[in-house]
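Work out the full structure: start from the sequences and follow the hints.
Reading the sequence shown from the start, the letters are residues 1 to 443 in this note's numbering.
Think of the hints as simulated: they come from the structure by calculation, not from any bench. No incorrect hints appear here.
With a straight-line Cα cutoff of 27 angstroms, these simulated BS3-like cross-link-like pairs (lysine-lysine) come out:
id : residue 1 : residue 2
1  : 200       : 190
2  : 263       : 409
3  : 78        : 30
4  : 83        : 30
5  : 263       : 200
If you're wondering where the values come from, they're calculated on a predicted model, not measured in any experiment.
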Amino acid sequence: MSGRDPSDGNGGGATAKGPTRALVLHPDLKSARRRRAADLALAEAVSLADALPDLLVTGAEVVRLARPHPGMLFGAGKIAELKTRIEAEEVALVLVDGPVTPVQQRNLEREWGVKLLDRTGLILEIFADRAHTREGVLQVDLAALSYQRTRLVRAWTHLERQRGGFGFVGGPGETQIEADRRAIDEEVVKIRRQLAKVVKTRELHRAARRKVPFPIVALVGYTNAGKSTLFNRMTGAEVLAKDMLFATLDPTMRGVTLPSGRKVILSDTVGFISDLPTELVAAFRATLEEVLEADLILHVRDIAHPETEEQAADVHDILESLGVGEEVPVFEIWNKIDLLGPEAREALLVQEGRTPGIHAVSALTGEGIAPLLDAVSEALDERRSLETLTLGFDEGRARAWLHAQGAVKSEHDTEAGHEMTVALTDRQRAALDRLRGTEGRRN
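Spelled out as structure tokens, the structure:
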């Protein structure tokens with residue numbers, strides 16, 4: 001699955017006559033535990049579709065379901081109604097904002113005569129279109145293959161029309177499906193080997209950065225929250241920043257000199273989204289783990305979005321799944337205050353003043369950026385405690401970590417081990433305790 005052409009396959013697609021005409025459907029299940037309102041979820045799905053080039057969304061609809069139908073997802077009456085609409089509007093691609101099983105996808109494509117993508121397939125298409133670096137392309141290819149492997153029942157339905165021409169016994173395409181599954185598995189192994197080399201190079205870069213006493217500040221947030229615009233504002237860089245979901249994919253790092261003169265490395269990561277496909281979380285884990293190396297995390301929120309709280313909850317869920325611990329300080333950056341009305345803006349600024357760790361800004365106009373930079377500098381200049389500790393000769397990992405942190409002031413060997421004078425922040429002390437497996441113990 002290349003992911004480059006969403007119109008490839010059944011039902012035609014983008015031609016010289018114009019872009020692929022698409023219909024977006026959001027199944028609203030009564031039994032589902034929803035974090036979002038159905039109409040806002042549909043609006044996000046339309047924005048996802050708009051993020052693909054050569055795609056024209058001709059309509060969007062919330063389809064209310066008591067329960068999903070195993071074979072067709074929707075009921076017979078709704079399928080007939082949608083077929084009439086698809087034919088009338090000359091739709092070539094249907095996007096279902098939710099999970100669709102391979103059998104449901106195959107049956108709906110046959111019934112409607114169009115190509116169909118579920119939410120995971122759509123996001124994979126966007127990622128494939130946006131990945132530019134070698135690592136990004138490999139990660140998307142790995143995620144796409146993992147996804148495609150589960151949908152071979154659909155990918156090989158053309159064999160049913162050719163039954164008898166290939167001599168398959170026991171059902172259409174079974175032998176070919178197994179062959180294709182093996183081919184995918186072999187390709188996955190090959191890509192993982194290539195990614196392992198890239199990840200090793202990334203680790204070498206991380207190790208080199210650890211030797212330089214520059215703290216890392218990572219920007220995270222829901223897609224389209226304004227991370228790249230804030231990144232550009234803080235660094236003077238020109239990273240692509242558009243009002244579009246997943247406008248940037250590949251992580252970017254730049255050196256920044258804070259007003260205090262302190263130098264830091266600012267990292268812009270891929271945007272998060274609700275129901276981010278598990279294939280993508282797994283494939284992009286090496287990239288997202290840059291966040292684990294951060295000394296400070298800036299969680300950028302679109303504070304003007306009607307579902308800013310739900311978006312923030314999704315970001316917290318993904319950070320937690322990555323293993324970001326409580327010892328890493330997090331600032332909430334309430335971005336896009338320029339879009340708020342006077343009353344809402346005033347109330348928000350009052351709340352900002354009462355709540356530590358919250359900074360209201362407009363990355364577009366620059367409002368609030370100067371106080372934010374001062375707060376970042378202050379957070380990174382936290383008080384260090386000078387102490388003497390003794391590491392056993394078998395604690396080489398902890399000793400190397402202390403040197404990499406630039407915390408060692410002096411060191412000499414004794415019969416008991418390495419006696420070191422170090423300057424540590426509370427967070428570094430906690431990290432050292434975990435590393436040594438002796439949290440709470442002091443030498």
